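Based on the sequences and whatever the hints tell you, model everything.
Numbering (our numbering), first residue to last: 1 to 547.
Hints listed in this document are in silico derivations from the structure and should not be mistaken for laboratory results. Hints are not guaranteed to be accurate.
[Unchecked claim] Only pairs whose alpha carbons sit at most 25 Å apart, straight line, appear in this in silico PhoX-like list of lysine-lysine:
| hint | residue 1 | residue 2 |
| --- | --- | --- |
| 1 | K29 | K407 |
| 2 | K414 | K541 |
| 3 | K478 | K407 |
| 4 | K29 | K541 |
| 5 | K273 | K195 |
| 6 | K273 | K142 |
| 7 | K270 | K142 |
[Stated by the list, open to error] Cβ-Cβ distance ranges computed for the label pairs, FRET-style:
| hint | residue 1 | residue 2 | range |
| --- | --- | --- | --- |
| 8 | T110 | D259 | 21 to 27 Å |
| 9 | G101 | R499 | 52 to 58 Å |
| 10 | I434 | T92 | 50 to 56 Å |
| 11 | D172 | D127 | 23 to 29 Å |
| 12 | T92 | P68 | 50 to 56 Å |
| 13 | T120 | P90 | 19 to 25 Å |
| 14 | G472 | A235 | 27 to 33 Å |
| 15 | T110 | A479 | 27 to 33 Å |
| 16 | H487 | Q246 | 17 to 23 Å |
| 17 | T92 | Q167 | 30 to 36 Å |
| 18 | G472 | D151 | 27 to 33 Å |
| 19 | R322 | T92 | 39 to 45 Å |
| 20 | R153 | T120 | 16 to 22 Å |
| 21 | R62 | D127 | 57 to 63 Å |
Keep in mind that this is a model prediction, so the values were computed, not measured. A virtual CB, placed ideally from N, CA and C, is assigned to each residue, including glycine.
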Amino acid sequence: MRRLVLLSLLLSGSAIAQDRPAISVETLKTVTQTLSSDAYEGRAPTTPAEDKTVAYIIDRFRKAGLKPGNKGSWTQDVPMVEITATDVRPFTVQGKGAAGGSPIMLDYRTDMVVGTYRVTPRIDVKDSELVFVGYGITAPEKGWDDYAGVDVRGKTVVILVNDPDWQTMGRDGPFEGRAMTWYGRWPYKFENAAKHGAAAALIVHQTEPAAYPWAVVQSSWTGPQLELDEPGDHADQSQVIGWLQQPVAERILTAAGRDLATLTKAAQTKGFKAVPLGLTLSGGFNNTIRRQASKNVIGVLPGTSVPEDYVLYSAHWDHLGRCDAVDGDDICNGALDNASGVAGLVALAEAQAKAGPAKRSIAFLAVTAEESGLLGSGYYAQHPVFPLARTVGGVNMDVLNVTGRSKDFVLVGKGKSEIEDMVVPFVKAQGRYIGEEANPERGGYYRSDHFSFAKLGVPMLDGGSGEDKVVGGKAAGKAASDDYVAHRYHKPADEYDPRWDWTGALEDLTVYYQLGRTLADRPGLWPNWYPTAEFRGIRDKSRKNAQ
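Spelled out as structure tokens, the structure:
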């Protein structure tokens with residue numbers, strides 16, 4: 001309560017940043033169009049396109065008036081290892097023993113996708129027993145453990161996507177109801193399977209709880225895959241990670257004398273026990289391995305009186321590069337995802353520099369390899385150029401609104417930090433309201449770069465235009481969102497369109513500007529996480545140590 005009262009006092013009257021920044025629409029258009037052109041080949045990290053991308057961002061940061069952010073350098077090296085699965089022959093699922101019957105053949109890309117985090121030239125699993133482990137969650141604080149009473153060492157676990165209560169409308173439930181938690185995200189599920197010693201981990205793909213169709217899995221999980229290059233070559237991870245098409249998973253469970261729908265219902269109840277399936281998985285593939293550093297780009301507007309404190313803006317510059325061709329086009333240009341976010345980063349840098357230095361420093365971070373699992377932001381958070389304990393908070397931008405103004409401003413993962421309170425007056429000044437997430441089951445707060453900072457304690461805003469459009473209302477907003485996910489997200493069709501309406505993006509960027517300026521010009525302001533947020537303890541400890 002004391003913190004909320006303090007925030008109210010600081011944000012009242014003249015404390016609110018009322019200035020209206022001159023955010024350049026031309027910058028938004030030019031940067032987005034340039035970075036998403038075919039000349040940049042989809043901006044895949046550690047490819048020749050990276051050099052061109054990084055050079056362009058540095059040039060725009062310099063022209064905006066920023067200074068190099070990393071001890072005189074514009075970049076931070078991020079050590080990467082690229083692993084490309086080759087010679088992936090069909091995996092086989094078969095009954096144990098002589099009475100196994102005919103094997104089920106799993107074709108690569110159509111029935112399944114597989115890969116590995118392990119840096120090794122060859123992966124093989126042979127006669128690995130299959131175990132259905134429900135949602136694959138171990139959450140002691142909730143009294144929930146899908147691995148209780150079963151030993152999966154050397155075995156293959158079959159896992160459901162999302163949380164057990166994702167079909168619950170509203171936020172009531174052991175895992176926040178409709179809103180996905182970290183336990184529902186695929187990185188967590190693979191991580192937890194590895195902790196339990198699983199040789200392989202396969203997630204059953206379903207479009208609604210996954211939040212994207214199989215085509216996205218197929219394009220994102222095949223071809224070169226990036227991971228941080230770390231000591232040990234990720235030998236502590238499962239040998240195989242991947243996804244199964246839902247109809248394929250149903251066939252496998254039928255062969256085991258089980259029913260996917262029945263097992264799914266059972267897995268949604270606390271106390272569920274993992275089910276050995278009496279089947280085995282065999283298969284393997286070769287890996288082509290390449291090590292090369294990628295780069296985060298860092299610019300800073302140094303502060304005047306408290307330059308050792310930092311306010312952070314971030315956006316990822318990478319996309320998928322070459323991908324599955326559609327009508328002969330194999331470049332995933334990533335115009336909205338996330339050339340538009342980088343354009344917003346540059347436009348904010350221009351506006352903040354034009355306003356002059358604030359009391360605290362303002363940092364602008366264009367990170368690499370978000371599409372590979374938040375690798376660039378994760379590396380920065382583990383090796384920060386600016387101490388996280390002195391990073392006040394910030395905003396991450398991933399896909400700007402180009403479909404016109406929205407009446408609502410949505411706080412993704414609402415209910416986490418006091419930064420959410422700070423944006424309310426800025427939103428209301430635009431005649432807008434704070435809306436609810438249209439699709440909280442997608443787990444948006446855990447899917448972009450702000451999460452790398454949040455889980456190490458830095459309050460980060462993930463928010464922007466909702467689906468309640470000024471023209472057309474919620475129906476128009478939902479139609480635009482659904483159309484993007486179905487036809488452009490992670491596909492070659494995510495290309496720049498000169499007909500885009502940037503008015504909604506301008507309103508959102510104005511909120512981001514005002515939030516950042518308020519944080520930067522109020523040295524006594526240290527927003528925290530709410531007491532119930534999973535990141536509160538980490539922040540309290542880091543701030544105590546800093547003080």
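Do the hints match the structure? See the list:
1. K29 / K407: At roughly 23 Å apart (the allowed maximum being 25 Å), K407 and K29 satisfy the hint.
2. K414 / K541: holds, 23 Å
3. K478 / K407: Roughly 13 Å between the alpha carbons, so the hint for K478 and K407 holds.
4. K29 / K541: violated, 42 Å
5. K273 / K195: holds, 18 Å
6. K273 / K142: holds, 16 Å
7. K270 / K142: Judged against 25 Å, a Cα distance of about 9 Å means the pair holds.
8. T110 / D259: 21 to 27 Å: holds, 23 Å
9. G101 / R499: 52 to 58 Å: holds, 57 Å
10. I434 / T92: 50 to 56 Å: Distance hint for I434, T92 holds at roughly 52 Å.
11. D172 / D127: 23 to 29 Å: violated, 43 Å
12. T92 / P68: 50 to 56 Å: With a Cβ separation near 54 Å, T92 and P68 satisfy 50 to 56 Å, so the hint holds.
13. T120 / P90: 19 to 25 Å: holds, 21 Å
14. G472 / A235: 27 to 33 Å: Between G472 and A235, where Cβ atoms are some 53 Å apart, the hint is violated.
15. T110 / A479: 27 to 33 Å: holds, 30 Å
16. H487 / Q246: 17 to 23 Å: holds, 21 Å
17. T92 / Q167: 30 to 36 Å: Check passed, 33 Å falls within 30 to 36 Å.
18. G472 / D151: 27 to 33 Å: Since G472 and D151 have Cβ atoms about 55 Å apart, the given range 27 to 33 Å is violated.
19. R322 / T92: 39 to 45 Å: Violated: the Cβ-Cβ distance is about 30 Å, outside 39 to 45 Å.
20. R153 / T120: 16 to 22 Å: holds, 19 Å
21. R62 / D127: 57 to 63 Å: At 58 Å between Cβs, range holds.
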